[in-house]
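**Q** Assemble chain R onto chain X, guided by the hints.
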Amino acid sequence: MSWGSVSAFFAMGGYATYVWGSYAVTAVVIVVEIALLALRSRAARRELRQPVALRD
Amino acid sequence: MAINWFKYAAPNTFYPLAGRMAPWFFGAAAVLTAIGLYIGFFVAPTDAQQGEAYRIIFIHVPAAWMSMFVYVVMAFWAAIGLAFNTRLSSMMATALAPTGALMTFIALWTGALWGKPTWGTWWVWDARLTSELILLFLYIGFIALQAAIDEPRRADRAGAVLALVGVVNVPIIYFSVQWWNTLHQGASVNLTKSPNMAATMLWGMLIMALAFWMYAIGAALIRVRAIILERERAVDWVRELPEAAR
Chain X
1 MSWGSVSAFF AMGGYATYVW GSYAVTAVVI VVEIALLALR SRAARRELRQ
51 PVALRD
Chain R
1001 MAINWFKYAA PNTFYPLAGR MAPWFFGAAA VLTAIGLYIG FFVAPTDAQQ
1051 GEAYRIIFIH VPAAWMSMFV YVVMAFWAAI GLAFNTRLSS MMATALAPTG
1101 ALMTFIALWT GALWGKPTWG TWWVWDARLT SELILLFLYI GFIALQAAID
1151 EPRRADRAGA VLALVGVVNV PIIYFSVQWW NTLHQGASVN LTKSPNMAAT
1201 MLWGMLIMAL AFWMYAIGAA LIRVRAIILE RERAVDWVRE LPEAAR
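For the protein sequence lines, the chains are X and R, in the order given.
Each residue of the first sequence is one higher than the one before, starting from 1 at the first, in the numbering used here.
Each residue of the second sequence is one higher than the one before, starting from 1001 at the first, in the numbering used here.
So that you can see chain X by itself, here it is in the shape it has in the complex (with noise of 0.2 Å):
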């Protein structure tokens, strides 16, 4: 698949809207459960590191 220009490949042959928007999406709610992950992961791990007693 040859598509000639840079602004061919983003126009997507005038659907660039829905592929784009369906490409955009999918990657910022992987990247945020990513980010959530992480978040979750660390907060984990401070929480072990609390003397037990403090604990809820």
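Worth flagging that the hints you see were computed from the coordinates, not collected in a lab.
Note that this is a predicted model, so its numbers are computed, not measured.
It is possible that some hints are incorrect.
DEER-style ranges, computed between Cβ atoms [said to hold, decoys possible]:
1. Ala24(X) x Val1124(R): 49 to 59 Å
2. Phe10(X) x Gly1120(R): 23 to 33 Å
3. Val1031(R) x Ala8(X): 19 to 29 Å
4. Thr1182(R) x Glu47(X): 41 to 51 Å
5. Lys1007(R) x Gly14(X): 48 to 58 Å
Think of the CB as a built atom: it goes at the ideal place given N, C-alpha and C, for glycine as much as any other residue.
**A** Just chain R now, with coordinates in the frame of chain X:
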């Protein structure tokens, strides 16, 4: 050679194993995504009917497959946890739910963005779309139910019952395009027929499906590690982890 298959069924042995495996799954997901997207955008030809709009297939179909597959795996681990009272199985089910919900959301979102240019509508209340939406509600229901119950083992059991009842929805989603009249096209890949799409399109889609699969495993492993720490933080082996050193 005798392999003790149950060795890694205990949280204290699975926790470090999951930590060592997760980066490999994320790495495989990244490499496969790069290859899949390259094929999807630079090798696969323009579709004769749908033009470039069809390129949504490279995330839509993998996400839809994973939304169903993750649900079945989640229900499987929930059932094992319910039947044998194995706490790691239940934690695995809990760890899979958010990733499954994410896959379902991606399938619905990309489906809407694909439906608009090809069908002229973002959404129709037909069998395939409605049953996939119900799948999202099942995931959200599972997560909400478990979050509402303070005692983790009770939450596991309640969630397992919900997950198992909901399994009935998965074949309904899969076969909905055969059972009912629907706007949605039939299965993209069929084991008994040769695929009716270009080989490069098919390969791009299969590699992206593998990438989503690897990602889902990696995400579930990281999440189950956090769940293990959250639930077992008062247990000796957790307090002896390097992570717990002050």
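**Q** Need the list of violated hint numbers for this structure, in ascending order.
**A** Violated hint (a single one): 1; every other hint is consistent with the structure.
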